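**Q** Could you build all of it, start to finish, from the sequences and the hints given here?
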Amino acid sequence: MKRICFLCLVMSLLLFIAGCWDQDLLKDARLLYGGGFDFAPKGKLRVTFVIQDVPAGEQQSPKNDIISAEGDTPMDAREHADDQISRHLRSYKNRFVLIGEELAKQDIYPVLEVFYRDPKSALNARIGVAQGTAEDILSLKKVGNVLIAEEIDELIKSKEETTTVPKVTLEKIYPVMLDPGEDFVLPYLMEQGARVDVSRIAMFHNNKLTGTLSPEESSMYLLLKNSKGKEARFTQNMSSIGEMSTTEDNPQRRYDFLTFNVDKLKRKMKLKVQSGNQITVHLNLKLKVSVIEYPKDRLEKKQVVAELNKRLSKKMTDLAQKTLEHMQKARCDGLGIGRQLMAFHPRVWKQQKEEWGSNYQKVKFAPVIQVEITKQGIIN
Amino acid sequence: MKDVLSKFFSNNRTEEKPQMKISVYTSLDQNMEYIKNQLFHASDLKWRSISFNQSKGLIVFLESLSDLQKIQQEIIKPLEGKSQGNVDEVVTSVGITKHSDLSEVPQALIQGNCVLLFEGSTEVFIIDVAAVNIRNISEPANEGIIRGAHDGFIEHLMTNLYLVRKRVENPNLVVRYYQSGKATKTKLALLYMQNLANPDLIKEVDQRINSISLDMTLSPGFIAEMMEDNPSSIFPQILLTERPDRTAAHLMEGRVVILADGDPSALILPVTFFAFYQSPDDYHSRWIAGSFVRLIRLVSFIIASLIPALYIAIIGFHPEILPENLIFSVKSSIDRVPFPPIVEALIMQITLEVLREAGVRLPSRVGQTIGIVGGLVIGESVVRAGLISYPMVIVVALTAISSFVAPSNEISIATRLLGFPLMILAALFGLIGITFGMLFILIHLCKLECCGTAYFAPVMPLRMKDMKDTFVRFPIWSLNQRPHDPHPQKYVQERNSRGWKQDDPGKE
Numbered sequence: 001m002k003r004i005c006f007l008c009l010v011m012s013l014l015l016f017i018a019g020c021w022d023q024d025l026l027k028d029a030r031l032l033y034g035g036g037f038d039f040a041p042k043g044k045l046r047v048t049f050v051i052q053d054v055p056a057g058e059q060q061s062p063k064n065d066i067i068s069a070e071g072d073t074p075m076d077a078r079e080h081a082d083d084q085i086s087r088h089l090r091s092y093k094n095r096f097v098l099i100g101e102e103l104a105k106q107d108i109y110p111v112l113e114v115f116y117r118d119p120k121s122a123l124n125a126r127i128g129v130a131q132g133t134a135e136d137i138l139s140l141k142k143v144g145n146v147l148i149a150e151e152i153d154e155l156i157k158s159k160e161e162t163t164t165v166p167k168v169t170l171e172k173i174y175p176v177m178l179d180p181g182e183d184f185v186l187p188y189l190m191e192q193g194a195r196v197d198v199s200r201i202a203m204f205h206n207n208k209l210t211g212t213l214s215p216e217e218s219s220m221y222l223l224l225k226n227s228k229g230k231e232a233r234f235t236q237n238m239s240s241i242g243e244m245s246t247t248e249d250n251p252q253r254r255y256d257f258l259t260f261n262v263d264k265l266k267r268k269m270k271l272k273v274q275s276g277n278q279i280t281v282h283l284n285l286k287l288k289v290s291v292i293e294y295p296k297d298r299l300e301k302k303q304v305v306a307e308l309n310k311r312l313s314k315k316m317t318d319l320a321q322k323t324l325e326h327m328q329k330a331r332c333d334g335l336g337i338g339r340q341l342m343a344f345h346p347r348v349w350k351q352q353k354e355e356w357g358s359n360y361q362k363v364k365f366a367p368v369i370q371v372e373i374t375k376q377g378i379i380n
Numbered sequence: 001m002k003d004v005l006s007k008f009f010s011n012n013r014t015e016e017k018p019q020m021k022i023s024v025y026t027s028l029d030q031n032m033e034y035i036k037n038q039l040f041h042a043s044d045l046k047w048r049s050i051s052f053n054q055s056k057g058l059i060v061f062l063e064s065l066s067d068l069q070k071i072q073q074e075i076i077k078p079l080e081g082k083s084q085g086n087v088d089e090v091v092t093s094v095g096i097t098k099h100s101d102l103s104e105v106p107q108a109l110i111q112g113n114c115v116l117l118f119e120g121s122t123e124v125f126i127i128d129v130a131a132v133n134i135r136n137i138s139e140p141a142n143e144g145i146i147r148g149a150h151d152g153f154i155e156h157l158m159t160n161l162y163l164v165r166k167r168v169e170n171p172n173l174v175v176r177y178y179q180s181g182k183a184t185k186t187k188l189a190l191l192y193m194q195n196l197a198n199p200d201l202i203k204e205v206d207q208r209i210n211s212i213s214l215d216m217t218l219s220p221g222f223i224a225e226m227m228e229d230n231p232s233s234i235f236p237q238i239l240l241t242e243r244p245d246r247t248a249a250h251l252m253e254g255r256v257v258i259l260a261d262g263d264p265s266a267l268i269l270p271v272t273f274f275a276f277y278q279s280p281d282d283y284h285s286r287w288i289a290g291s292f293v294r295l296i297r298l299v300s301f302i303i304a305s306l307i308p309a310l311y312i313a314i315i316g317f318h319p320e321i322l323p324e325n326l327i328f329s330v331k332s333s334i335d336r337v338p339f340p341p342i343v344e345a346l347i348m349q350i351t352l353e354v355l356r357e358a359g360v361r362l363p364s365r366v367g368q369t370i371g372i373v374g375g376l377v378i379g380e381s382v383v384r385a386g387l388i389s390y391p392m393v394i395v396v397a398l399t400a401i402s403s404f405v406a407p408s409n410e411i412s413i414a415t416r417l418l419g420f421p422l423m424i425l426a427a428l429f430g431l432i433g434i435t436f437g438m439l440f441i442l443i444h445l446c447k448l449e450c451c452g453t454a455y456f457a458p459v460m461p462l463r464m465k466d467m468k469d470t471f472v473r474f475p476i477w478s479l480n481q482r483p484h485d486p487h488p489q490k491y492v493q494e495r496n497s498r499g500w501k502q503d504d505p506g507k508e
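Line order of the protein sequences matches chains A and B. So that you can map any letter, position 14 of the first sequence is 14 in this note's numbering, and since no number is skipped, the others follow by simple counting. So that you can map any letter, position 331 of the second sequence is 331 in this note's numbering, and since no number is skipped, the others follow by simple counting.
Since the hints were derived computationally from the structure, they do not count as laboratory data. Please read these numbers as outputs of a predicted model, since none were measured by experiment. Heads up, a few of these hints could be off.
The following label-pair restraints were derived from C-beta to C-beta distances [said to hold, decoys possible]:
1. A:Asn124 to B:Gly148: 49 to 55 Å
2. A:Leu9 to B:Lys465: 50 to 56 Å
3. B:Arg365 to A:Leu9: 46 to 52 Å
Ideal Cβ placement from N, Cα and C applies to all residues, glycine included.
**A** Right, dumping it as structure tokens:
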């Protein structure tokens, strides 16, 4: 009987004292909403965290708390940040990571490594490059009526849909970072008069920032990459060269512009290696577009549309050419030409992989873009 | 350890000695004295003297149990009118038997018979004049349905048998009487279809009923507990129902039904886990609607047993699996709560159980108080005061509603009880704990048996054909075979009912 009593006691004690060693109460967490990494003097790292607090009650709106700390590594800096706040800093709901321009020009892999190692980290967090420092952008605290953290997250998300910036998350760039045959690009965030502007792409080579693309080029790059979002809009000047209306102070000038949306995109990429290891990339794009805005014409005549098709094709091809030139200048192999070489011309790749950055600049691109207007709206 | 357990659950029994046989005295007074003594001079014991065949006689009866009208119409009137002849022929009652053993008389009186004694005779006549006071046949309140039969069993065994016999008008329907309860002598009836039910099953059930040995059989719950294979399981293994249509349907699947006098519940065995989630409504509505409702019921079982545990595990161990839009609203609500999630959940669950129990017991006039106390105080103020978080209230409400969806009260309570160990496991080990808890429950379900048939039947052992009437209900014309779990003698239950579809080549 004594032994049974003892056993029961041990059992019930075990029930009450065991467990909870890995309990991580949501109650005790301060949730990190976004983070920024900047270059600090003496080789240190400056981190800025946005913590979202939602006070209890039905009509209470969330508040952002911004703290900065320095450290040798991201984790070290985070520990220092954690020292400054009550409860525990938890990053499992992190929405975005911003990297300051100066830091991005160095290798960004060591900055991001902790996100890949920690099993609880949010791998679906967006990542972007901040013009100037990330701290400056996050210190805005509010943009209009929206908290900075939500604004950045939602802004990048909406810009992904309009084919302005690529859809990248921490998870998506990881394999690309380790791949010598491809480079990644990130959204480029700019501060413009207390607002955040996301319309450009930051190009990377070997995990280092090497340049940016203009808004139009960014969209064109995404078309060339065959990763169109929900919509992709371009505005082109349609006046033929030499006409009067092209001058800038002519009020008739507004009649010359055509805005269109790319409805369907077909891309063909072919890689050819000629003698002397000259690599030529043929990029054939077929765009089916709908005209959104064109004050000049109602577009009911077939030859007018055919003429416009021709002119748009020419303009878009030029834009593609310009985009690719910029990319080559920045050594950013965003289209994964190296990966194509590995797959289809391994011999060539073997010769070129040592100096792929400079060899990539010698690649010849031959983009051909055919634009076909398929929808004109409901004007006629 | 085993000794102590066996002490707890000891099953000592002593056989009662059979009563001595006493032959009927020739003296009327002597007989009367004996009866009076045997019934301890009960005040409702009445007698009336008559004379028949020139000898003095006595009619003895218990006025509380006998129908006085019957005594007057069927015994006294003919005897007085004829005053000569054979008693068997003169008395117009249906049930009349001759006995020479006086010790049987008190028992006969207790069962509502009246006893006819004559001076100088060594035989007594026992005549059935039992009064029948029964309530109306009405729909069982806790097993209501929308469409279909609205009658239900009552406390009178004969009426219940009538309800079943009326539904299954077939000579193969066998009724066997048993008596259980050494003191109360409760009448039991075992019903089965001779041509369907498995003979081994009947033998097994018969043996189990005969081995019941207790002074009082109050409710079918007693019988169920005596007959269940695994009495310590949380799951009910015998289906209790008050619906004659449900009973008849189970009979026709080759199952066995036990009815007890004085209780409106029928015991059905052997049943599977899924029988507790079937309702006659499934079969009365169209099959798509029926399937949908049944699926919802089974999902509600999972919700009721799992949701509180899941909530605790997520809040305590894995908050990262909440989507970001949700996590902030949840967090804002739980930030003020002073208790760990398990305490929070236990408080709410126990409050709910108390409220439910109070709701059952309270008379309907004060029933409104429960609504106010439960709805306002528990639901609203507890959150306002910062004791419990809103998500916890939602979780508990969801659990309660889901558990009440089950058409059987027994399984409804079982699901809510099942939530408690899962909650403790979740509080100790998070999702891993829940996984192991579910594993134990599944293993237990697979291991359970009910009179030799698997409890988790069409799933384990797997039989795809029986799945047609398990999670969903297929159209009746596709259910050509009876479920295999009770091992019926005949499997085919439906032939070519929609044969008209091919048989009419002339028609377009």
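**Q** Hint by hint, note whether the structure agrees.
**A** Going down the list of hints, with the structure as the test:
1. A:Asn124 to B:Gly148: 49 to 55 Å: holds (51 Å)
2. A:Leu9 to B:Lys465: 50 to 56 Å: For Leu9 of chain A and Lys465 of chain B the Cβ distance comes to about 52 Å; the hint holds.
3. B:Arg365 to A:Leu9: 46 to 52 Å: With a Cβ separation near 48 Å, Arg365 of chain B and Leu9 of chain A satisfy 46 to 52 Å, so the hint holds.
In summary, this structure violates none of the numbered hints.
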